[in-house]
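> Which chain is which? The protein sequence lines are A and B, in order. Under my numbering, the first residue of the first sequence is numbered 1, with each subsequent residue one higher. Under my numbering, the first residue of the second sequence is numbered 1, with each subsequent residue one higher.
For the record, the hints were derived by calculation from the structure and aren't laboratory data. For glycine and all other residues, C-beta sits at the position ideal for the given N, C-alpha and C. You may find that some hints are simply not true.
In silico PhoX-like links for lysine-lysine, alpha-carbon gap of 20 Å or less [unchecked claim]: (1) Lys148(A) with Lys37(B); (2) Lys60(A) with Lys217(A); (3) Lys178(A) with Lys175(B); (4) Lys217(A) with Lys76(B); (5) Lys218(A) with Lys148(A); (6) Lys217(A) with Lys148(A); (7) Lys148(A) with Lys76(B); (8) Lys52(A) with Lys268(A); (9) Lys175(B) with Lys180(A); (10) Lys108(A) with Lys145(A); (11) Lys108(A) with Lys238(A); (12) Lys145(A) with Lys100(A); (13) Lys100(A) with Lys238(A); (14) Lys52(A) with Lys180(A); (15) Lys178(A) with Lys148(A).
To spell it out: a stretch of chain A is covered by chain B in this simulated footprint if at least three of its residues, at any positions, have a beta carbon under 8 Å from a beta carbon of chain B; those stretches are [said to hold, decoys possible]: (16) 48-59; (17) 152-165; (18) 251-264.
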Amino acid sequence: MGKRKEPTDLPERREVSFTLLKGFFIFILFTLVLTFPVRAQEITVSAAISLKEAFAEIGKSFEAGQKGTRVQFNLGASGDLVRQILAGAPVDVFASAGLKEMDELEQKGFTAPGTRMNFAGNTVVLAVPTASTLRLEGFSDLTRKEVKKIAIGNPQTVPAGRYAEQVLRGLQLWEPLKDKLVFAENVRQVLDYVARGEVDAGLVYATDALTRARDLKKVLPAPEGSHSPVVYPIAAVKGTKNEGLARAFIAWVISSEGKNILERYGFKTLAEKK
Amino acid sequence: MSGEVWFSLRLSLQVAFLATWFIVIIGVAVGYLLARKNFPGRDLVDILFTLPLVLPPTVTGYYLIILFGRNGWLGKTLYAWTGWSLMFTWYAAVLASFVVALPLMVRTTRAAIESIDPNLILASYTLGRSELETLWKVVLPLARRGIIAGTVLSFARAMGEFGATLMLAGNIPGKTNTLPLTIYTLAGSGDWPKAQGVVLLLTAVSGVFLYLANRTSRKIW
Numbered sequence: 001m002g003k004r005k006e007p008t009d010l011p012e013r014r015e016v017s018f019t020l021l022k023g024f025f026i027f028i029l030f031t032l033v034l035t036f037p038v039r040a041q042e043i044t045v046s047a048a049i050s051l052k053e054a055f056a057e058i059g060k061s062f063e064a065g066q067k068g069t070r071v072q073f074n075l076g077a078s079g080d081l082v083r084q085i086l087a088g089a090p091v092d093v094f095a096s097a098g099l100k101e102m103d104e105l106e107q108k109g110f111t112a113p114g115t116r117m118n119f120a121g122n123t124v125v126l127a128v129p130t131a132s133t134l135r136l137e138g139f140s141d142l143t144r145k146e147v148k149k150i151a152i153g154n155p156q157t158v159p160a161g162r163y164a165e166q167v168l169r170g171l172q173l174w175e176p177l178k179d180k181l182v183f184a185e186n187v188r189q190v191l192d193y194v195a196r197g198e199v200d201a202g203l204v205y206a207t208d209a210l211t212r213a214r215d216l217k218k219v220l221p222a223p224e225g226s227h228s229p230v231v232y233p234i235a236a237v238k239g240t241k242n243e244g245l246a247r248a249f250i251a252w253v254i255s256s257e258g259k260n261i262l263e264r265y266g267f268k269t270l271a272e273k274k
Numbered sequence: 001m002s003g004e005v006w007f008s009l010r011l012s013l014q015v016a017f018l019a020t021w022f023i024v025i026i027g028v029a030v031g032y033l034l035a036r037k038n039f040p041g042r043d044l045v046d047i048l049f050t051l052p053l054v055l056p057p058t059v060t061g062y063y064l065i066i067l068f069g070r071n072g073w074l075g076k077t078l079y080a081w082t083g084w085s086l087m088f089t090w091y092a093a094v095l096a097s098f099v100v101a102l103p104l105m106v107r108t109t110r111a112a113i114e115s116i117d118p119n120l121i122l123a124s125y126t127l128g129r130s131e132l133e134t135l136w137k138v139v140l141p142l143a144r145r146g147i148i149a150g151t152v153l154s155f156a157r158a159m160g161e162f163g164a165t166l167m168l169a170g171n172i173p174g175k176t177n178t179l180p181l182t183i184y185t186l187a188g189s190g191d192w193p194k195a196q197g198v199v200l201l202l203t204a205v206s207g208v209f210l211y212l213a214n215r216t217s218r219k220i221w
């Protein structure tokens, strides 16, 4: 019996290792299938977060026009998005809420030549939450004692924060209000702080205020010329494997279809080549 | 190192010390209750005081905003009475650090107390000591190693708190920007050399604290 058992021992073990091997191959096969790009074409668009709703719709209509294409959005403060691209993020198109960010990207050689355009404009407003019991009628009311906290974007990375700083400095309010300022990581966070009533007021874009109009009691436009014009530039990122598609997307944004969508969300449109 | 960095360091230490102070008091009390007492809802308390350890700090931050935000359950009343809101102040950073680091204290204290020979505690009772005296003279001295370990861990965790702090206290230069937040801002704006400096500073400070804590606990006990 002992003699008969020993020889069967080896094949059995071999069988086990075969099963293991088979399992392993099936696992590898599944991994390959699952990670294999199902869609042939996909582009990633890093866009200023103020463009969120408008770009979501533009992306949908672009996908509808280009069968099998998918547009992936990466939204955030323009300054943060530039940092990501400079650090090598696989992005095909960059749409910024400020010229400074796009300039930096261009100067460092990260934009595809001849693709940069300005496509939209915006204005800065002071938003006051519905929950507020304060009667704020203008920017100068912000210095009142009852106004405790005012949110703006972090001027270092958030273009809206930079414009907000210009507005406050222009109105000689920066120094008196300095201690009340709360810096947010992007303009939608400012809007959220205001809408939730965590702060007494905040500076956002006119288009942002439209997205949560119900939560805002008052939306006061910044005085004409108190900030440099809010211009949105767009460009393809240099070295993208999808430059054709990136160019097509930019063309779609500045097409009459794209303009219509942007205008519906409150943006001013312009399409000048830079 | 510039003035802002020193401010951040001072703020971080201030927040961590204050948070740890409350953590030691509350943490030891809760750890003792969980280790020695049986009361209805004990499991619930256990879960409640452990959750912040496993939840992402952003989730903890979300709950804290629901509770302490200007329109939160407690925050609303506080604001109505005093016109003051916790949000975006450095006290909010203390609260965030406190809640996130508390489970470390509760769990280590509880484990330390549970590992004490129960006969020693019973002997103390038999010899006529009240529960409070027994706690002070028998339980805590025997559990001191666990309590010290918990304190050091909580302090280190409080120093490094980021997620809940960012949500609750914001990232306000000169007010609520603790070291982790300063690193985040510097890296976000591309100032890597300065970020590196602050990273090394935070690493060094944490390392020194752990070393001192190890040494003190060895020396005293």
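> Would you pick out the hints that fail for this structure and give their numbers low to high?
Result: hints 1, 2, 10, 12, 14, 16, 18 break, sorted rising.
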